[in-house]
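Enquirer: The residues making up each chain are set out below.
Protein chains: 2
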Amino acid sequence: MSQHQIDITEPLIKNLLEDKNLAFVATLMKDGSPQITPTWVDIQGNEILINTALGRVKQKNVTRDPRIAVSIVDRNNPFHMVTLRGQVIDQITGDLADNHIDKLAKKYLNKDKYPFRAPGEKRVILKVKPTRVAYI
Amino acid sequence: MSQHQIDITEPLIKNLLEDKNLAFVATLMKDGSPQITPTWVDIQGNEILINTALGRVKQKNVTRDPRIAVSIVDRNNPFHMVTLRGQVIDQITGDLADNHIDKLAKKYLNKDKYPFRAPGEKRVILKVKPTRVAYI
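Here the protein sequences line up with chains Y and E, keeping their order.
If you read the first sequence in the numbering used here, its first letter stands for residue 1, the second for the next number, and so on.
If you read the second sequence in the numbering used here, its first letter stands for residue 1, the second for the next number, and so on.
Some hints here could point you the wrong way.
No copy is singled out in the list; a pair is fine if it fits within one copy or between any two copies.
No more than 27 Å apart at the CA atoms, straight line, and that leaves these computed lysine-lysine pairs for DSS-like [what the hints assert, rightly or not]:
| hint | residue 1 | residue 2 |
| --- | --- | --- |
| 1 | K127 | K107 |
| 2 | K30 | K60 |
| 3 | K107 | K20 |
| 4 | K30 | K127 |
Calculated directly from the structure, the hints in this document are not laboratory data.
Just chain Y, with the same shape it has in the complex:
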């Protein structure tokens, strides 16, 4: 297993993030206990983008404590995986977040529009800066 401080543009990592693999994201509850949710994921440069909605558990968690962990396993090879720890360094709402969830719907569902939007839901991009990455 290789360990890097910050480089996720290495093809073995980037390909895992660009392919339609689910990411599993751990955040911290108010009492400091861990919480996990599966989520869609995207890579932009050396950062990971996660798209959620304002008020969801993980969005509230990273607003309180930005520390996060992400794990992705290749859907075609369970022994090819990346796991990383990092921080949410920015939260982006508005048109950028709305367009981004449509981009992810295209990637994961091959649909032009995200089909699960709830009334009044405000999408938000969580921008994750990795501080430690391991892959195999």
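Position chain E relative to chain Y; hints supplied.
Expert: For chain E alone, coordinates are given in the frame of chain Y:
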């Protein structure tokens, strides 16, 4: 999404744990930050069994702080999933742990013996008691 305090014997949950889906397990590093690893998983009664080796990051983490989160997505249906939070209430080593990793190798790899054992490695079962479960 249904939420239960402790019952994972509900068939929709139990089947996810009994099928050969990978589980993603979050534990807490010494500084309180979250860490994730994918792992094999087993269910015994109303508890989840994870098999790791003494000295691995997650084993050291749960020895320091037993709080844990587990997420499993159906490999055949990405919208069927269970996510839970709980505590590691026991760690079991010796023959029981050695036999248990062989059982998991049978489940996940269809091999009678776990093929990845490292020299000197001591296997350990982490027994997880769920305190909160959600599934969809």
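Enquirer: For each hint, tell me whether it holds in the structure or not.
Expert: Results for each hint:
1. In this assembly of identical chains, K127 and K107 lie within 27 Å of each other by CA distance solely inside one copy; the values are 18 Å within and 37 Å between copies.
2. Within a single copy, K30 and K60 get their C-alpha atoms as close as 9 Å, and across copies as close as 23 Å, so both meet the 27 Å cut-off.
3. Taking the shortest Cα distances, K107 and K20 sit within 27 Å of each other both inside one copy (6 Å) and across copies (26 Å).
4. In this homomeric assembly, K30 and K127 come within 27 Å of each other (Cα to Cα) both inside a single copy, at 21 Å, and across copies, at 24 Å.
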